[in-house]
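Participant: Here is how the chains run, residue by residue.
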Amino acid sequence: MEMTNNEYDKLTKKMSPDTKLYKTLPKAFFIGGLICCLGQALFNLYTFWGLNEQNARSVTSITLVFFSALLTGLKLYDKIAKHGGAGTLVPITGFANSVVAPALEFKTEGFILGTAAKMFVIAGPVIVYGIITSVLYGIILYLVQLGG
Amino acid sequence: METFMEYFRAFVIGGGLCLIGQLLIDLTKLTPARILVIYVMAGVVLGGCGVYEPLVKFAGAGATVPLTGFGYALAEGVKKAVAEDGLLGAFTGGFTAGAAGLTAAVTFGLIVARCFKRGDKLS
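One line per chain: the protein sequences are A and B, in this order.
In terms of the numbering used here, the first sequence is residues 1 to 148.
In terms of the numbering used here, the second sequence is residues 1 to 123.
All the given hints hold, so there is nothing to weed out.
Below, computed lysine-lysine pairings styled on DSSO-like, alpha-carbon distance capped at 27 angstroms:
| # | chain 1 | residue 1 | chain 2 | residue 2 |
| --- | --- | --- | --- | --- |
| 1 | A | K82 | A | K20 |
| 2 | A | K27 | A | K75 |
| 3 | B | K57 | B | K79 |
| 4 | A | K107 | A | K79 |
| 5 | A | K20 | A | K75 |
| 6 | A | K23 | A | K79 |
| 7 | A | K82 | B | K29 |
| 8 | B | K29 | A | K20 |
| 9 | A | K79 | A | K27 |
| 10 | A | K82 | A | K27 |
| 11 | A | K27 | B | K57 |
| 12 | B | K29 | A | K75 |
| 13 | A | K82 | B | K117 |
| 14 | B | K29 | A | K79 |
| 15 | B | K57 | B | K80 |
| 16 | A | K107 | B | K117 |
| 17 | B | K29 | A | K27 |
| 18 | A | K82 | A | K23 |
| 19 | A | K75 | A | K23 |
| 20 | B | K117 | A | K75 |
| 21 | B | K117 | A | K79 |
| 22 | B | K29 | A | K23 |
| 23 | A | K107 | A | K82 |
| 24 | A | K107 | A | K75 |
To be clear, the hints were calculated from the coordinates, so they are not data collected in a lab.
Construct all of the structure, not just a fragment, from the sequences and the given hints.
Facilitator: Rendered as structure tokens:
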């Protein structure tokens with residue numbers, strides 16, 4: 001399809017999501033806040049069931065990841081994310097979505113190089129740089145311990 | 001009232017962390033992948049400095065559910081492991097602390113990829 005730059009600009013403007021701050025910021029705040037409240041409710045439930053703080057936090061993460069995976073499979077997470085923006089990206093549900101969505105989309109390329117490899121398109125960098133930072137922190141802690 | 005305030009604090013801090021992410025997306029055009037990387041690294045650094053723990057005490061899930069909370073968990077894991085095992089802990093603490101979230105994402109990711117149909121378009 002032939003089109004001028006001007007037409008193309010108009011088309012991209014029409015296709016790309018609304019980035020007016022007065023719309024995106026409150027939505028991100030509200031939806032992100034709601035997801036955290038869901039996390040708080042789960043955490044309270046698990047501590048009520050007798051889990052210690054650490055384990056309750058872990059099981060809360062697992063539950064949120066499960067919900068996110070399910071909603072991603074049902075194509076509902078993307079619909080919420082259209083409104084939520086960073087509100088659906090920044091919570092751990094967004095991390096889970098970044099794993100599950102490509103795993104599902106690329107299954108046609110096979111279960112090795114499709115699903116399993118593409119799973120880490122976004123999660124890979126997050127894990128690499130998160131772990132590297134934590135290793136550096138550990139080494140610094142160790143040296144401080146030696147010195148102290 | 002106490003319970004309400006607990007949820008209110010989680011809502012405001014969690015929402016606030018997401019709002020910062022949205023500002024980064026809209027104003028700097030950082031890609032979602034970069035935002036997530038920045039959040040996790042920030043969580044480790046803030047956790048390591050001892051700045052993030054008071055936030056967790058204050059806001060609960062509002063601080064632990066956003067990905068900075070994942071970074072904080074990595075830092076806490078490393079701290080505990082280094083105290084127990086010395087330098088080895090720097091290598092084991094992170095993955096140990098992140099195990100629940102990571103394993104859940106991989107497991108449910110694989111199950112969903114098996115059981116659900118893929119969408120019409122790549123996203």
